[in-house]
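Participant: Generate the whole structure from the sequences, applying the supplied hints.
Here the protein sequences come in this chain order: A and B.
Using my numbering, read the first sequence as starting at 1 and increasing by one per residue.
Using my numbering, read the second sequence as starting at 1 and increasing by one per residue.
Worth double-checking, as some hints may not be accurate.
For chains that are exact copies, the list does not tell them apart, and a pair is met inside one copy or across any two.
[To be verified] The list that follows gives simulated cross-link-like pairs (lysine to aspartate or glutamate, DMTMM-like), each with its CA atoms no further than 25 Å apart:
1) Lys199 with Asp41
2) Lys61 with Asp103
3) Lys61 with Glu193
4) Lys245 with Asp200
5) Lys245 with Glu11
6) Lys199 with Glu123
7) Lys199 with Asp158
8) Lys61 with Glu101
9) Lys245 with Asp222
10) Lys199 with Glu141
11) Lys245 with Asp10
12) Lys90 with Asp80
13) Lys90 with Glu68
14) Lys90 with Asp158
15) Lys64 with Asp80
16) Lys61 with Glu110
17) Lys61 with Glu241
For the record, the hints were derived by calculation from the structure and aren't laboratory data.
2 protein chains.
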Amino acid sequence: MTYCLAIKVDEGLVFASDSRTNAGVDHVSTYSKMHSFSWADNRFFVLLSSGNLATTQAVVKRVKADSEDAGGASLRTVSDMDAAANYLGKISTDIQRIQVERDTAKSNFEATFIFGGQIAGQEPAIFLVYPQGNYIHESAEHPFLQVGETKYGKPILDRAIRPNTQLELAGRCALVSINSTIRSNLTVGPPVELLIFAKDSLNGGRRLALTENDPFYRALSDAWNEGIRHALNGLPPFDWEDELKTAQMVQEAGYPQSMG
Amino acid sequence: MTYCLAIKVDEGLVFASDSRTNAGVDHVSTYSKMHSFSWADNRFFVLLSSGNLATTQAVVKRVKADSEDAGGASLRTVSDMDAAANYLGKISTDIQRIQVERDTAKSNFEATFIFGGQIAGQEPAIFLVYPQGNYIHESAEHPFLQVGETKYGKPILDRAIRPNTQLELAGRCALVSINSTIRSNLTVGPPVELLIFAKDSLNGGRRLALTENDPFYRALSDAWNEGIRHALNGLPPFDWEDELKTAQMVQEAGYPQSMG
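Facilitator: Dropping the structure here:
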């Protein structure tokens, strides 16, 4: 399995992904699922991949080849973000079709992508590109997109992410979302990759690859555990706890107690 | 869908359940999924149900009828918690079999239960009873059991619940787990039922049914949101944030800045 997410806030974009791939429990491996494509000061794209690893690797290879080719559609030449998402959906379905035609065993070649970025002078955007090649964008009410093992890490995003959330805070929230998923589900694993892209900074964003033992990742995980403990301890008591406490205080003060 | 959970800590047991049932999106309804059976000072049981509503209602009816009947196995007569779980698995599969034999449409009559309680002089226990009638208990490493839409509410349990967790804190943690699930998934809905059973208090436990507008439930939900906000704000900054802050302070102080 996989867990990837992207967040769009007013200040920019956040992308995050785990790195575990598996084909059965005895074929577990680590691959980066985050790919970025940059033309300095002109355009910057990030692709997060989930699904069949052969398909996703072929898509990334094709994106690079098209961009180096002088003619034809490519991320280098698309006129806007929508056209870029559409281009990506097209090459994904093309690559799947080739594999399906070769296949004799009804295998699953599907891949799902989160894709986002910015073209100079335009708004940043994020998309979820389905295996069928069509795609959706985020919305102001739901300013994030997820693929893979999405449920464990959704509550924190639902509670914390709004369009006006500060960019780096959104980045930390993405790390917490992935950290929670890794703790709860074995098929999602480190290193965790994070890319924080400030709007209009068309030079590649800030990218981190965090292993389990990375001091920053550990500090963040420890701080979150401590924060959760504190939040739990700050919840209101049940009414009988107040009564019990009062009863105890009265008892300690030596007053007579009636029994109920 | 459904979300039910039970927690076993040293001080006792916690049971919690949502109340939404549906048979398609145009047949959404509210039913209690929590049933308790008490023989004062002798034994106390709680049953949380998920799955086919006709099956779960028939199981509860059968449990009551057997307990009022003088002869035969029943929750009133079983010798220990294991025998109680086994009895429950038996009547669940019996009831499913009757329905399957009548059925002409390959319908799904399966039901899954969380079952727990205590018999005087014995240890409290919780079980997850599968549709096949077999069952598992919790463990010290994993002192909780969940059924239904379990993923959204699992990270908080993974982080917070240990055998030595204080009983009422475990109860609040169960409410947070359900609250997060309700926020993230439409098929899980209030009222939320909570039952807190202190070990050896064989007189029924403390039971709450919390609607969305219940003042305690709202206070808990608000306090948790505030706690999460605080926890997020307490996470360590990325290294470049420190640099940016330093750069900003230097700039504000009027010192010359080199550009990188």
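Participant: Each hint: holds or not?
Facilitator: Hint check:
Taking the shortest Cα distances, Lys199 and Asp41 sit within 25 Å of each other inside one copy (12 Å), while across copies they are farther apart (66 Å). In this assembly of identical chains, Lys61 and Asp103 lie within 25 Å of each other by CA distance solely inside one copy; the values are 21 Å within and 53 Å between copies. In this assembly of identical chains, the alpha carbons of Lys61 and Glu193 lie at most 25 Å apart only when taken from the same copy (20 Å versus 53 Å across copies). Taking CA atoms no more than 25 Å apart as the test, Lys245 paired with Asp200 passes between copies only; the shortest distance there is 20 Å, against 57 Å inside one copy.
In this assembly of identical chains, Lys245 and Glu11 lie within 25 Å of each other by CA distance solely across copies; the values are 17 Å between and 48 Å within a copy. In this assembly of identical chains, the alpha carbons of Lys199 and Glu123 lie at most 25 Å apart only when taken from the same copy (8 Å versus 59 Å across copies). Taking the shortest Cα distances, Lys199 and Asp158 sit within 25 Å of each other inside one copy (22 Å), while across copies they are farther apart (36 Å). For the identical chains of this complex, Lys61 and Glu101 are intra-copy neighbours only, at 20 Å inside a copy versus 56 Å across copies, given an alpha-carbon limit of 25 Å.
In this assembly of identical chains, Lys245 and Asp222 lie within 25 Å of each other by CA distance solely across copies; the values are 24 Å between and 32 Å within a copy. In this homomeric assembly, Lys199 and Glu141 come within 25 Å of each other (Cα to Cα) only inside a single copy, at 20 Å, whereas the closest approach across copies is 45 Å. In this assembly of identical chains, the alpha carbons of Lys245 and Asp10 lie at most 25 Å apart only when taken from different copies (20 Å versus 48 Å within one copy). In this assembly of identical chains, the alpha carbons of Lys90 and Asp80 lie at most 25 Å apart only when taken from the same copy (15 Å versus 62 Å across copies).
In this homomeric assembly, Lys90 and Glu68 come within 25 Å of each other (Cα to Cα) only inside a single copy, at 18 Å, whereas the closest approach across copies is 67 Å. Neither within a single protomer nor between protomers do Lys90 and Asp158 lie at most 25 Å apart by alpha-carbon distance, with minima of 31 Å and 41 Å respectively. For a Cα distance limit of 25 Å, the shortest separation of Lys64 from Asp80 inside one copy, 18 Å, qualifies, whereas the shortest one across copies, 66 Å, does not. For the homomeric pair Lys61 and Glu110, the shortest alpha-carbon distance inside one copy (16 Å) is at most 25 Å, but the shortest distance between copies (47 Å) is not.
In this homomeric assembly, Lys61 and Glu241 never come within 25 Å of each other (Cα to Cα): the closest approach is 62 Å inside a single copy and 34 Å across copies.
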